[in-house]
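These protein sequence lines map, in sequence, to chains A and B. Using this note's numbering, the letters of the first sequence correspond one by one to residues 1 to 546. Using this note's numbering, the letters of the second sequence correspond one by one to residues 1 to 386.
If you're looking for bench data, these hints aren't it; they were derived computationally from the structure. Just so we're clear, the structure is a prediction, and the values are computed from it rather than from any experiment. Where a beta carbon is used, it is the ideal one built from N, C-alpha and C, also for glycine. Do not rely on the hints blindly, as some may be mistaken.
[Unchecked claim] Here are some, though not all, of the chain A residues that point toward chain B, as calculated from beta-carbon distances under 10 angstroms:
| hint | residue |
| --- | --- |
| 1 | Lys16 |
| 2 | Ala19 |
| 3 | Gly20 |
| 4 | Tyr390 |
[To be verified] Distance ranges between label pairs, derived from CB positions:
| hint | chain 1 | residue 1 | chain 2 | residue 2 | range |
| --- | --- | --- | --- | --- | --- |
| 5 | B | Asp277 | A | Lys49 | 25 to 35 angstroms |
| 6 | A | Arg68 | B | Glu383 | 57 to 67 angstroms |
| 7 | A | Val124 | B | Met81 | 45 to 55 angstroms |
| 8 | B | Gly349 | A | Arg68 | 57 to 67 angstroms |
| 9 | B | Met81 | A | Lys16 | 27 to 37 angstroms |
| 10 | B | Pro300 | A | Lys16 | 30 to 40 angstroms |
| 11 | B | Arg35 | A | Glu119 | 46 to 56 angstroms |
| 12 | A | Arg68 | B | Gly347 | 52 to 62 angstroms |
| 13 | B | Glu383 | A | Lys49 | 55 to 65 angstroms |
| 14 | B | Glu61 | A | Gly115 | 52 to 62 angstroms |
| 15 | B | Arg35 | A | Glu99 | 51 to 61 angstroms |
| 16 | A | Lys49 | B | Met81 | 47 to 57 angstroms |
| 17 | A | Thr160 | B | Arg35 | 31 to 41 angstroms |
| 18 | A | Glu66 | B | Asp277 | 36 to 46 angstroms |
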Amino acid sequence: MKNHSDSPDQLAILQKKLAGFGEYSLRKTYYPELQQRLEELSESEAFLKNIVDNIPAMVFVKEATELRFVAFNKAGEELLGYSCEEVLGKSNHDLFPKEQADFFAQKDREVLAHGELLEIPEEVIRTRSGEERILRTKKIPLFDSEGNARYLLGIAEDITDRKHLEEQLLQSQKMEAIGQLAGGVAHDFNNILMVIMGYGNMLKNDLGLGTLQKEKLEHIIEAADKAAQLTRGLLAFSRKQEMKTRVVNLNDVVQQVEKFLVRIIGEDVHLTSHLDTPDLLVKIDSGQIEQVLVNLATNARDAMPKGGTLTIETGLLDIDELFVQVNGYGEPGRYALVSVSDTGVGMDEKTKARIFEPFFTTKELGKGTGLGMAIVYGIVKQHHGFINVYSEPQIGTTFRIYIPLMEMELTSDEEVVTPAPPKGGTETILVAEDDSAVRALVQEILAGFGYVVIAAEDGQDAVEKFAAHSTAVKLVLMDIIMPKKNGKEACCEIRQLNPDVKVLYSSGYTLDIIQSRDVLDEGAELIMKPVQPLELLRKIRELLDR
Amino acid sequence: MSETFELRKFVAPEFVFGVGARHLVGRYAKNLGGRKILVVSDPGVVAAGWTRDVTDSLEAEGLPFALFTGVTSNPKADEIMAGVAVYQAERCNAIVAVGGGSPIDCAKGIGIVTSNGRHILEFEGVDMVKVPMPPLICVPTTGGTSADVSQFVIISNPLEKVKFAIISKSVVPDLALIDPETLTTMDSYLTACTGLDALTHAIEAYVSTARSAMTDLHAIEAIRLVSSSLLPSIANLADLELRTKVMQGSLQAGLAFSNAILGATHAMAHSLGGALDIAHGECNAILLDHVVEFNMPAAPERFEHIAEAMGLDLRGMNSGQKKSALLNHIRVLKRAAGVSRTLNELGVGRSDMNFLTSHALKDPCMATNPRRASQRDIEVVYEESL
């Protein structure tokens, strides 16, 4: 009969099963109590899974023998980019680069061997997308009833963003500390310099002094003046400068300063600008913001020795909690944004990290003071704004400055002031300035607006040049502190030649220092250095028209 | 041989047998912890009024219920899944089936799917149900299927035109309320078909290779009861005493085959029912004598017992005479009961042989048939039944 059937063995097995005891099916009825318990069980399972899934940290369990994953929560899925199904049953080496997997496995074994919780403060893990995240992980052995470590429970928190923020915070704390230090030093230093310069000048007037001694004395005063310029920069960085704020349209400020930037950046650098059309009303000291732009443009120029493009853009930006969270700085609100980009050599990470520190410079010795960017930083901070920098070596650098936008409701005394475009003239102006770079800059600015400029490099030179052109010169722009004769002395002599000539002093010191040193005539006009081109032009025009 | 000493199980549910048993549904449903009951029935049974009796009983106990009557004969997989949807939507926790084999098998299917959470098609075979089902009470209204006491569920898969069996202790109901009164609404033809179905159960169980002493007892008594009471019952449809005898025969046939399993008649009938949606009882009746003829050489003594139980006197006959006496008796019984159609008349042709045979050979019931059958053997039996 056997040959009659196509699969007698199969049939025999089936017959055995049918005649058997039904070992694989249960005869217990699924009673309501049982249904209830099963329902509760599955609810409780879902509840626990829900809890584990919603723990905002990666939670995983590995079995102790082969260290394969047996549980993996939702946060883990999101963090690593693998689904639970993909992870379960896999080992460290199936999922992560060898070096990392070795490390994880070593730690896993350690925990299972010692039977104690282990905290790994930082470990790097590669996600599915290839991104590396930093984890703080706790590994905990899970024991069976006989005390054997059967499973390993892991709870890993992604601390990548926090690490990033900590670094940011550290940086800003460092800047703050340096600012405090610099400000304190500068303040005390100014007092000391005041004494040196005061007595130096007094000594200079001592007729008993020989020419040789006088010359040495000039060097002392000159050095003290240089030191004073440095302290001024430090003061700006440490935000101890006096602010003269007005509500202006930031676009106007940028537009006007652009004209001077062209001169600063030279012929090889092309300047383009994209100014946001709506008004960006900000309450700022426009002189200081001009200085920020000048400093940034100067830097940009130096970054582009072979030419390139400098781009200035403005815009409006709403900064929300997210931005703050992501970037680790700033305050939520509406901001006017000015970005200054160059196509220059760019910076590496190390340089970028220190760019705003005072006395940090990449320029040749003697070419920069190392204060330019520190001053930018100080000014922006003083305006309750913030600044960031993006840079790539050989590609370029972009600085972004965020200044809080004015609320639209203006109080009566805060009318929107649109700075009048500066008017030029054809008058002759004598510029007395010992710093050749500043002198050249001022000369260029004034010449650019039609004025005839006669340059003098110290007080003595100024008196002599004035004497030669006494009728032509309508205004003297004079640095207060100069070698040979200081501003006040030179002015006295010039006034003797022509009492009607207009005099405008310039100084890098804050007003209170100047006044305390009594180097200024009563009622004399003063313009603060570094020279803000617009302000200088306005002031000059104003004086000439008086 | 060691057959006598072989270990054998005997599974049977608690059952209440007797006129009026159906009215106990409410009390038992409550005892089993029912909160909301899914009542599975079919339109014919509803029209006969038996479903109403059952739901009244539930209401009397204050038990809410949902009625599902989307069942046709040879219950389809989709009908079961539809019932599951009702069970879940109505948040039921127990099931009552009222009707013949179709509503009872449908109810069993609903139970399996709700507790195991998988499609009904996945349970085909022996011992494939892992999680037990919700409490199930059966109120059979035909004296044939015995699904109310068996561990069988037969489901149609119309897509593949096959019927498949789910055989598991898990599908034995918790309780059967077997009320002969419910048979009184069956017409003579349905009475004949279901009665011959019961007789087939008993005969196949008695010759099955999985039989035991305990199943033999029930099988032989079932054969005695049905063969003596079926024709009188058909002739006196309202006679409750005769109905009771047929019903008891059906019950005992059920107890026997649920444990001893069946044979080639059922395997072939399942194949037919799947392919052509023919009523199960009629299929069995048509095939029975042909299969008996095929099987007889494999268990001649057994068939002699069967013949004797049917009231035949075989004394002095040789084996050939015994065989024709039994076959003749069965054929006379069929004819007298009014089942005279052949497969051909039901729309089966020679072109169906291949499909029918191959599926019949795969049916689990074939595994306990006393004689191993080849493809050709089965084809021949089908051809004889045409």
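Practice problem: Given the range 30 to 40 angstroms, decide if the beta-carbon distance of Pro300 of chain B to Lys16 of chain A lies inside it. | Solution: Since the Cβ atoms of Pro300 of chain B and Lys16 of chain A sit about 25 angstroms apart, the hinted range of 30 to 40 angstroms is violated.
Quiz prompt | Glu383 of chain B versus Lys49 of chain A beta-carbon gap, inside 55 to 65 angstroms or not | solution = About 60 angstroms separates the Cβ atoms of Glu383 of chain B and Lys49 of chain A, which means 55 to 65 angstroms holds.
Quiz item: Regarding Thr160 of chain A and Arg35 of chain B, is the given constraint of 31 to 41 angstroms on their beta-carbon distance met?
Solution: 53 angstroms, violated
Exercise. Using the Cβ atoms, figure out if Asp277 of chain B sits within 25 to 35 angstroms of Lys49 of chain A.
Key: 46 angstroms, violated
Quiz item: Do the Cβ positions of Arg35 of chain B and Glu99 of chain A conform to the proposed distance bound of 51 to 61 angstroms?
Solution: 60 angstroms, holds
Quiz item: Has the hinted range 57 to 67 angstroms been met by the Cβ atoms of Arg68 of chain A and Glu383 of chain B?
Solution: For Glu383 of chain B against Arg68 of chain A, whose Cβ atoms are near 59 angstroms apart, the range 57 to 67 angstroms holds.
Exercise. Return holds or violated for the Cβ distance of Arg68 of chain A and Gly347 of chain B against the range 52 to 62 angstroms.
Key: Because 59 angstroms falls inside the window, the suggested range holds.
Exercise. Would you check whether Tyr390 of chain A satisfies its interface hint, that is, whether its CB is within less than 10 angstroms of any CB in chain B?
Key: 56 angstroms, violated
Exercise. Could you see if the CB distance from Val124 of chain A to Met81 of chain B stays within 45 to 55 angstroms?
Key: 51 angstroms, holds
Quiz item: Within 47 to 57 angstroms or not, the Cβ separation of Lys49 of chain A and Met81 of chain B?
Solution: 28 angstroms, violated
Exercise. Mind checking the CB of Lys16 of chain A against every CB in chain B and telling me if the closest is under 10 angstroms?
Key: Check passed: Cβ of Lys16 of chain A comes within 9 angstroms of chain B, closer than 10 angstroms.
Exercise. Go through the hint on Gly20 of chain A and say holds or violated, using the shortest Cβ distance to chain B against 10 angstroms.
Key: 8 angstroms, holds
Comparing the model with each earlier hint shows violations of hints 4, 5, 10, 16, 17, 18; every other hint is respected.
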